[in-house]
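Asks: Protein chains in written order, with our numbering: chain L, 2 to 357; chain X, 488 to 753; chain Y, 41 to 309.
Any given hint might turn out to be false.
List of simulated lysine-lysine pairs, DSS-like, C-alpha gap at most 27 Å [stated by the list, open to error]:
id, chain 1, residue 1, chain 2, residue 2
1, L, K4, Y, K129
2, L, K341, L, K58
3, L, K320, L, K309
4, X, K649, L, K3
5, Y, K226, X, K615
6, X, K615, Y, K129
7, L, K271, X, K615
8, L, K133, L, K309
Derived Cβ-Cβ restraints for the label pairs, each shown as a range [said to hold, decoys possible]:
id, chain 1, residue 1, chain 2, residue 2, range
9, L, T27, X, S664, 35 to 43 Å
10, L, A51, X, R497, 49 to 57 Å
11, L, A14, X, T658, 26 to 34 Å
Just so you have them, the derived chain L footprint on chain X, three or more residues with Cβ under 8 Å [said to hold, decoys possible]:
id, segment
12, 537-548
13, 644-653
14, 705-713
Keep in mind the hints are simulated off the structure, nothing from the lab. Ideal placement from N, C-alpha and C gives every residue a C-beta, glycine not left out.
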Amino acid sequence: MKKLLSAVIFLLAVIGGLTLWNRQLTTSRQASSPTKTLVIYNWGDYIDPALITKFEKQTGYHVDYETFDSNEAMLTKIQQGGTRYDLAVPSEYTVTRMAKAHLIRPLDHQQLPNLQNIDPRLLNQSFDPRNKYSVPYFWGTLGIIYNDRLVKNPPQHWNQLWEPRFHKQEMLLDSARDMMGIALITQGHSVNTTDTATLVAAEQKLTHLMPNTRAVVGDEMKLYLERNEAALGVTYSGDAAEMMAVNSHLHYVVPSEGSNIWYDNFVIPKTAKNTKAAYAFINFMLEPKNAAQNADYVGYATPNRQAKKYLDPEIINNKAFYPDERTMEHLEVYKDLPRKVNQTYNDLFLKFKMTK
Amino acid sequence: MPQKRFSIGRIYLALVLIVMYLPIFYLIYYSFSSGERMDGFHHFSWVHYQALFQDTRMISIVLNTLVLALLSALLATVVGTAGALMINGIHNRLWRRNILILNNILLVSPDVIIGASFLIFFTFLGFKLGFWSVLFSHVAFSIPIVVLMVLPRVKELPKSLKDAAYDLGATRWQAFSQVTIPGITDGIMAGFFMALTYSLDDFAVTFFVTGNGFSTLSVEIYSRARQGIDLEINALSTIMFLVSLILVYIYYRFSTKKGAKRRLNQ
Amino acid sequence: MSKNKHLVFTLPYILWLALFVTAPLVLIFYQSFLNINGHLTWDNYRDYIHSATYLQMTFNSVWYALVITVITLVVAYPVAYVIAQLRSKDFWLALIILPTWINLLLKTYAFIGLLGQHGSINNFLRFIGVGSHQLLFTNAAFVWVAAYIELPFMVLPIFNAITAIPTSLINASLDLGASRWQTLTKVIFPLSKSGVAAGIQAVFIPSLSLFMITRLIGGNRVITLGTAIEEHFLTTQNWGMGSTIGVVLVLAMLIVMVLTDDNNKKGGA
Numbered sequence: 002m003k004k005l006l007s008a009v010i011f012l013l014a015v016i017g018g019l020t021l022w023n024r025q026l027t028t029s030r031q032a033s034s035p036t037k038t039l040v041i042y043n044w045g046d047y048i049d050p051a052l053i054t055k056f057e058k059q060t061g062y063h064v065d066y067e068t069f070d071s072n073e074a075m076l077t078k079i080q081q082g083g084t085r086y087d088l089a090v091p092s093e094y095t096v097t098r099m100a101k102a103h104l105i106r107p108l109d110h111q112q113l114p115n116l117q118n119i120d121p122r123l124l125n126q127s128f129d130p131r132n133k134y135s136v137p138y139f140w141g142t143l144g145i146i147y148n149d150r151l152v153k154n155p156p157q158h159w160n161q162l163w164e165p166r167f168h169k170q171e172m173l174l175d176s177a178r179d180m181m182g183i184a185l186i187t188q189g190h191s192v193n194t195t196d197t198a199t200l201v202a203a204e205q206k207l208t209h210l211m212p213n214t215r216a217v218v219g220d221e222m223k224l225y226l227e228r229n230e231a232a233l234g235v236t237y238s239g240d241a242a243e244m245m246a247v248n249s250h251l252h253y254v255v256p257s258e259g260s261n262i263w264y265d266n267f268v269i270p271k272t273a274k275n276t277k278a279a280y281a282f283i284n285f286m287l288e289p290k291n292a293a294q295n296a297d298y299v300g301y302a303t304p305n306r307q308a309k310k311y312l313d314p315e316i317i318n319n320k321a322f323y324p325d326e327r328t329m330e331h332l333e334v335y336k337d338l339p340r341k342v343n344q345t346y347n348d349l350f351l352k353f354k355m356t357k
Numbered sequence: 488m489p490q491k492r493f494s495i496g497r498i499y500l501a502l503v504l505i506v507m508y509l510p511i512f513y514l515i516y517y518s519f520s521s522g523e524r525m526d527g528f529h530h531f532s533w534v535h536y537q538a539l540f541q542d543t544r545m546i547s548i549v550l551n552t553l554v555l556a557l558l559s560a561l562l563a564t565v566v567g568t569a570g571a572l573m574i575n576g577i578h579n580r581l582w583r584r585n586i587l588i589l590n591n592i593l594l595v596s597p598d599v600i601i602g603a604s605f606l607i608f609f610t611f612l613g614f615k616l617g618f619w620s621v622l623f624s625h626v627a628f629s630i631p632i633v634v635l636m637v638l639p640r641v642k643e644l645p646k647s648l649k650d651a652a653y654d655l656g657a658t659r660w661q662a663f664s665q666v667t668i669p670g671i672t673d674g675i676m677a678g679f680f681m682a683l684t685y686s687l688d689d690f691a692v693t694f695f696v697t698g699n700g701f702s703t704l705s706v707e708i709y710s711r712a713r714q715g716i717d718l719e720i721n722a723l724s725t726i727m728f729l730v731s732l733i734l735v736y737i738y739y740r741f742s743t744k745k746g747a748k749r750r751l752n753q
Numbered sequence: 041m042s043k044n045k046h047l048v049f050t051l052p053y054i055l056w057l058a059l060f061v062t063a064p065l066v067l068i069f070y071q072s073f074l075n076i077n078g079h080l081t082w083d084n085y086r087d088y089i090h091s092a093t094y095l096q097m098t099f100n101s102v103w104y105a106l107v108i109t110v111i112t113l114v115v116a117y118p119v120a121y122v123i124a125q126l127r128s129k130d131f132w133l134a135l136i137i138l139p140t141w142i143n144l145l146l147k148t149y150a151f152i153g154l155l156g157q158h159g160s161i162n163n164f165l166r167f168i169g170v171g172s173h174q175l176l177f178t179n180a181a182f183v184w185v186a187a188y189i190e191l192p193f194m195v196l197p198i199f200n201a202i203t204a205i206p207t208s209l210i211n212a213s214l215d216l217g218a219s220r221w222q223t224l225t226k227v228i229f230p231l232s233k234s235g236v237a238a239g240i241q242a243v244f245i246p247s248l249s250l251f252m253i254t255r256l257i258g259g260n261r262v263i264t265l266g267t268a269i270e271e272h273f274l275t276t277q278n279w280g281m282g283s284t285i286g287v288v289l290v291l292a293m294l295i296v297m298v299l300t301d302d303n304n305k306k307g308g309a
């Protein structure tokens with residue numbers, strides 16, 4: 002009993018000490034008034050921390066940076082309430098879904114003078130007409146990454162992924178929309194197909210890709226390809242850029258017949274308490290120099306036209322990341338599908354993953 | 488007991504420990520690489536440690552995580568031990584089994600389900616999400632493992648011992664603090680450490696019930712996966728690992744010295 | 041201590057059972073009867089029973105959880121036994137637990153580095169002349185990493201049970217001429233059964249719903265119920281179907297409890 006009691010007292014002392022240390026750390030950088038705080042909800046490590054510090058110095062706001070790891074998890078959190086987020090960064094189909102569920106506020110464009118810095122080609126997309134609710138943060142495509150030491154004639158089109166020479170060589174994404182979308186494109190359909198028969202046919206086609214599949218993975222694909230663990234992968238341009246920075250044998254192609262174009266966007270949730278700070282932050286991030294610095298840090302393609310002059314020309318002229326007009330025309334945004342259809346996509350994809 | 492007889496056993500133990508520490512050493516090794524990823528050691532460098540020490544946000548998250556883990560493990564151990572004693576006191580077999588089944592439900596439920604239902608629960612009550620909601624949740628999902636660790640020890644406690652204590656005129660409290668508790672201390676310690684492990688490891692439940700600026704290391708690491716986890720996290724894990732190792736060693740030296748003294752006194 | 045004081049002592053546990061166990065359980069049970077549009081229906085259960093995919097997944101989950109539990113038990117029992125014989129047992133036991141304090145995702149990333157084709161283990165295999173092998177994305181790799189994660193949860197309860205056996209009993213057995221092996225199988229093993237049962241519960245039950253390493257290490261070549269639940273709760277947000285699978289997991293746990301409980305008949309007060 003004595004032994005246990007002394008252990009408990011020791012533990013409480015440690016807890017107390019750690020709490021005090023923590024309080025000292027946070028008060029030294031925390032603003033006192035809640036109206037001076039801005040709560041940002043974003044993907045982990047998806048912003049240059051130096052920019053947050055710069056914003057805090059420039060405006061006097063204190064920034065709380067909270068993180069999530071998937072659109073759906075973030076959506077659930079905001080929907081349930083109980084938390085305050087002034088700014089969130091969902092992907093395009095989630096913007097539609099949030100707007101439909103009245104989880105985000107319409108934006109006042111008057112307060113966003115820097116919106117004019119954005120490339121007009123990337124504004125007014127179907128997921129958010131006239132950018133009523135969202136401002137693009139980063140954007141990119143879905144494509145094929147390959148290792149030039151392991152692949153002789155690299156594929157330029159989705160169909161080539163089915164060629165028998167890639168037996169057990171490919172890594173696929175663990176994402177129903179993306180993989181079903183590829184199968185749909187090869188059959189000449191839209192990535193937003195809702196017809197069940199067409200989807201079943203696409204799953205049939207996907208099943209034939211199984212012999213070429215080494216694994217169906219998520220973010221960890223980066224690790225595998227960087228380490229030459231597989232010859233080919235289906236991936237997003239943002240991830241591709243990171244892999245290529247680590248392994249110079251990797252290259253990225255956007256099939257010209259069509260692919261998905263994705264956007265991550267700033268939105269102001271209904272739960273926001275400090276919209277003034279939220280607008281100030283969006284404007285701050287849209288400043289060409291800041292956008293360029295952020296793009297440099299994150300490694301994704303920036304929608305900011307004016308920022309490009311501050312970026313390495315080699316990146317700006319790389320068609321894999323800033324595709325030419327002809328490819329751009331064939332890129333399709335994911336629409337937010339009815340739940341029933343969404344379920345069909347996932348059920349079929351699950352069935353595909355179960356095939357041996 | 489002759490030491491030699493266990494040499495095969497010791498070799499086996501050493502082998503298991505080597506396998507268990509292989510990934511840990513791998514992480515530590517790369518924390519000193521000047522590169523960006525756990526791939527191809529570049530050259531020796533302290534950069535990731537320097538980056539870590541300047542990252543006050545990260546340090547604050549680590550402190551949050553530790554306070555949360557220690558406090559939730561402590562509370563879960565207290566509640567779970569009481570629960571184990573209560574379950575053992577139930578004489579009806581059917582009832583006992585039913586309570587045990589209820590006890591184990593959080594062990595079998597996947598984290599997402601637990602997290603989502605706790606989130607619904609807290610928002611239904613209008614409970615503010617943050618440190619306290621996370622703390623309550625961690626206590627909640629750690630209790631069953633404590634019960635599982637303590638219960639077998641309680642069962643093995645000879646009833647005759649407690650009766651003897653009463654016969655010798657001990658009060659209920661005396662019997663409890665001097666017979667029951669010492670008899671199950673090992674189980675309590677095991678429960679505490681397992682609860683600590685559960686708390687440190689949890690991502691999904693914490694994610695759902697957190698808010699208002701409170702974050703833990705697991706949430707931070709998982710949400711960094713899309714951008715690629717950098718070696719700063721390796722440096723952090725190395726430090727945490729070494730500190731725990733040193734603490735364990737100090738505790739061991741401390742307890743064996745005391746033990747040796749006691750033996751001498753006898 | 042009066043009955044009232046007794047209640048004060050156990051009240052937190054009872055409250056916990058009511059608030060954090062029963063409430064979510066009722067919620068899951070209720071949701072399992074809701075379809076995607078929020079109407080009450082049996083559809084989820086019907087779909088589950090009629091779907092070859094889900095039945096296959098259920099079989100996979102139970103099978104892999106079984107394999108993982110058996111392997112962990114076989115590895116963990118001798119570990120617990122050896123540690124229980126050592127002089128500084130607490131220290132060695134702590135060494136077994138320590139690795140679990142490092143973040144799981146990070147450890148899995150380390151495993152990817154170790155098990156990869158150009159990873160340390162394959163380099164070693166090449167060095168000793170066995171040649172490199174595809175280790176990742178195999179069932180063996182998945183089981184290996186899962187067993188690695190669960191090992192401490194098996195060692196601890198068994199260790200506890202073994203140290204609870206009075207040394208006098210073991211000495212008596214040895215004095216009566218029993219060999220060390222006989223003592224182990226006839227005395228120590230039967231007396232540590234409750235620890236083994238606790239270990240099986242602590243490993244088998246959570247193993248049923250493993251999901252992360254099925255993707256990271258298994259490359260989704262192994263699909264378990266955990267994967268499906270994850271998908272229903274997060275990707276398709278079909279909480280009804282997710283809850284139905286949750287109910288199936290609870291039922292599976294019931295079966296495990298009943299099976300392991302029979303081992304402790306002597307434990308009845």
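Asks: Determine for every hint whether it applies to the structure shown.
Replies: Comparing the hints with the structure gives:
1. K4/L <-> K129/Y: The hint holds at about 17 Å.
2. K341/L <-> K58/L: Violated - the C-alpha atoms of K58/L and K341/L are around 48 Å apart, more than 27 Å.
3. K320/L <-> K309/L: The given pair, whose Cα atoms are some 14 Å apart, holds under the 27 Å limit.
4. K649/X <-> K3/L: holds, 19 Å
5. K226/Y <-> K615/X: violated, 56 Å
6. K615/X <-> K129/Y: violated, 44 Å
7. K271/L <-> K615/X: holds, 17 Å
8. K133/L <-> K309/L: holds, 25 Å
9. T27/L <-> S664/X: 35 to 43 Å: Holds, since T27/L and S664/X (Cβ atoms, about 40 Å apart) stay within the stated range.
10. A51/L <-> R497/X: 49 to 57 Å: holds, 52 Å
11. A14/L <-> T658/X: 26 to 34 Å: Taking Cβ atoms as reference, A14/L and T658/X lie about 30 Å apart, which means the hint holds.
12. 537-548: Satisfied; 5 residues make the cut.
13. 644-653: Violated - the segment 644-653 of chain X has 0 residues with a Cβ nearer than 8 Å to chain L, which falls short of three.
14. 705-713: It holds: at least three residues are needed, and the segment 705-713 of chain X offers 8 whose Cβ sits within less than 8 Å of chain L.
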